[in-house]
Amino acid sequence: MEYLVSSFTTIWNITTWNQLVNFKIILLSIIIEAFPFLLLSVIISSLLNNFVSENSLRNIIPKDNLLSIIIACFLGLLFPVCDCGMVPIVRRLILKGIPLPAGIAFMLAAPIVNPVVGTATAFAFQNNSNVVLLRLGVALIVAFCTGIIINVFFKGSELKALSQIQSHAHGCCQHVTANHIDCSLTNKIFNTIRDASNEFFEMGKYLFMGAMLGALSQIVVPHEMLVTLGQHSFLSIGAMMLFAFFISVCSAADAFIAASFNANFTVGSLVAFMVFGPMIDLKNILMLLHTFHTRFVVCLILIIIILCSSAAYIINIV
Amino acid sequence: MTPRNRKKPTLYNGSFIQSVLLLGFIILLAWLDITRQLPLYINPKFIILTELSYFLLIPMLIIQVLDPFLPARNTEHCHTHTSIGKYVPFFIILILAFAVPENTLNANLVSSKGLNSQSNVTANSIQDLPRPLAPAFSKMSTIKITNLNYTEAVCEINNFPQDYIGKKVALTGFVFRSPGLATNQISLVRYVVMCCTADSLPYGVMCEGADTENYPDGTWLSIEGVVQMSKYDDKDAPTIKITSLQKIEEPQEPYVFPYN
Chain A
1 MEYLVSSFTT
11 IWNITTWNQL
21 VNFKIILLSI
31 IIEAFPFLLL
41 SVIISSLLNN
51 FVSENSLRNI
61 IPKDNLLSII
71 IACFLGLLFP
81 VCDCGMVPIV
91 RRLILKGIPL
101 PAGIAFMLAA
111 PIVNPVVGTA
121 TAFAFQNNSN
131 VVLLRLGVAL
141 IVAFCTGIII
151 NVFFKGSELK
161 ALSQIQSHAH
171 GCCQHVTANH
181 IDCSLTNKIF
191 NTIRDASNEF
201 FEMGKYLFMG
211 AMLGALSQIV
221 VPHEMLVTLG
231 QHSFLSIGAM
241 MLFAFFISVC
251 SAADAFIAAS
261 FNANFTVGSL
271 VAFMVFGPMI
281 DLKNILMLLH
291 TFHTRFVVCL
301 ILIIIILCSS
311 AAYIINIV
Chain B
1 MTPRNRKKPT
11 LYNGSFIQSV
21 LLLGFIILLA
31 WLDITRQLPL
41 YINPKFIILT
51 ELSYFLLIPM
61 LIIQVLDPFL
71 PARNTEHCHT
81 HTSIGKYVPF
91 FIILILAFAV
101 PENTLNANLV
111 SSKGLNSQSN
121 VTANSIQDLP
131 RPLAPAFSKM
141 STIKITNLNY
151 TEAVCEINNF
161 PQDYIGKKVA
171 LTGFVFRSPG
181 LATNQISLVR
191 YVVMCCTADS
201 LPYGVMCEGA
211 DTENYPDGTW
221 LSIEGVVQMS
231 KYDDKDAPTI
241 KITSLQKIEE
251 PQEPYVFPYN
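Taken in order, these protein sequences are the chains called A and B. Heads up: the first sequence begins at 1 in this note's numbering, then just goes up one per residue. Heads up: the second sequence begins at 1 in this note's numbering, then just goes up one per residue.
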């Protein structure tokens, strides 16, 4: 009896140790992979903050909201960014006067409608090139419609007030641009680096917590549970969207994961996985909640869920 | 603008903790890079980005270390409530990274990821698959499965076993037993990684041989054998009948990076 108990505890210990090792490896790999993108995005964001004035940006973007949403949907073609670092950039753009609907449309479309992700998807689905077009098409539709809906229902910037976002650069340039622009270049560079560092810790915290949850769910959610739902034309969509939300992989890599489900899952559910995942997942939902009002984030998520799943359902039944 | 809290900065303001953490991350990334462990986490073609990122951290570290001495704005607008709580995730990551020494995914993960060879691929989706290796394989006397052709070769054998029955195959992989395998059956598996190990997928082939039961899950084996049909779950399944088997150390490059 004692022997049984002790051998049982050894096995259990080995299993948990192995699980811990796997957890650490997956966690670190998500972080190492996302690290350069997070860093680049906080640097771009703080450069925007210190070197680009509100006025010059406002002159570039079109006055017409509809036109700005359409342009925002296609901006990813020029700036192939992944979803890991979108939120800080979008926050800064909105602070600099980009209208909220255009900012959100950019945030949703750019990680999917860009050359890098298109190529990766084509690679992963070599035997089914329609999937690439479906993915990009659905992403554009969802981003555009979300932009329009937000344009109708939300008027303000929906950003949390500055005092709530503590990292917010309290720069000499930021608050007084209108009055006196006497900051020297060295000062600007110092401030850029300092802002980047503060924002790295502010946003990195959420990315890292999201990565932890994502790594954990990869270890505990068994594959069989998903596969049983695979052929159902409606449930498969829900299952894949939930899966995308939890595993939080980057938009350049998720096509390969989707391709591994190719045999067991409906096409619509795979498209839903590859559209929903980059838009909303565990690692960026925390950043969203930190940046925007909770009510707005909830509405945004609901809109995206409804649009994504209905588009995927249409694909499944056509 | 919103009113600001104008407290004087203390010694323990954010810049001290941030310096420590930035230094920690620079050391972690540089250490992984110098000891060539990065391919155990990400696809080697992204290593350049990781190197870039720890070089970008260095100016941030310098600014944070110098922060108390810089004349800039912090004397006026200090960062309020620098509670240590918000840095907890960063400490957890650093502690985990340095305290857990093992750095290769083990066989435990295969069951939650799902093994490729056990999926029921439908007949018509197979017909559309490109078969780049088929002409070369039909000419070889022994099919050698290597790091470079692993994914394609394993898919080829699992999807079109009829074309290869009686062929000799040589491959390496680690042992994994799915529920339902007979005692003399194992799968030889490797993780295939696209971007980072978070998207790894186990790919494997079923093997059969008399003394396979002596090797627990996770043991690395290098085998030679002959392709034939066998039974798994009452269905026909391609198997490699082992003719020679050798236990090996875990290879330097345990993962397969396709399309590089």
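Heads up, some of the hints might be wrong.
[Stated by the list, open to error] The calculated lysine-lysine pairs, modelled on BS3-like cross-linking and capped at a C-alpha distance of 27 Å, are:
#	chain 1	residue 1	chain 2	residue 2
1	A	LYS24	A	LYS96
2	B	LYS144	B	LYS45
3	A	LYS205	B	LYS231
4	A	LYS24	A	LYS63
5	B	LYS247	B	LYS144
6	B	LYS231	A	LYS24
7	A	LYS160	B	LYS45
8	A	LYS188	A	LYS160
9	B	LYS247	B	LYS231
10	A	LYS160	A	LYS24
11	A	LYS96	A	LYS63
12	B	LYS86	A	LYS24
Calculated directly from the structure, the hints in this document are not laboratory data.
* Any hints this thing doesn't respect? Which numbers, in order? -> Of the numbered hints, 1, 3, 4, 6, 7, 10 do not hold.
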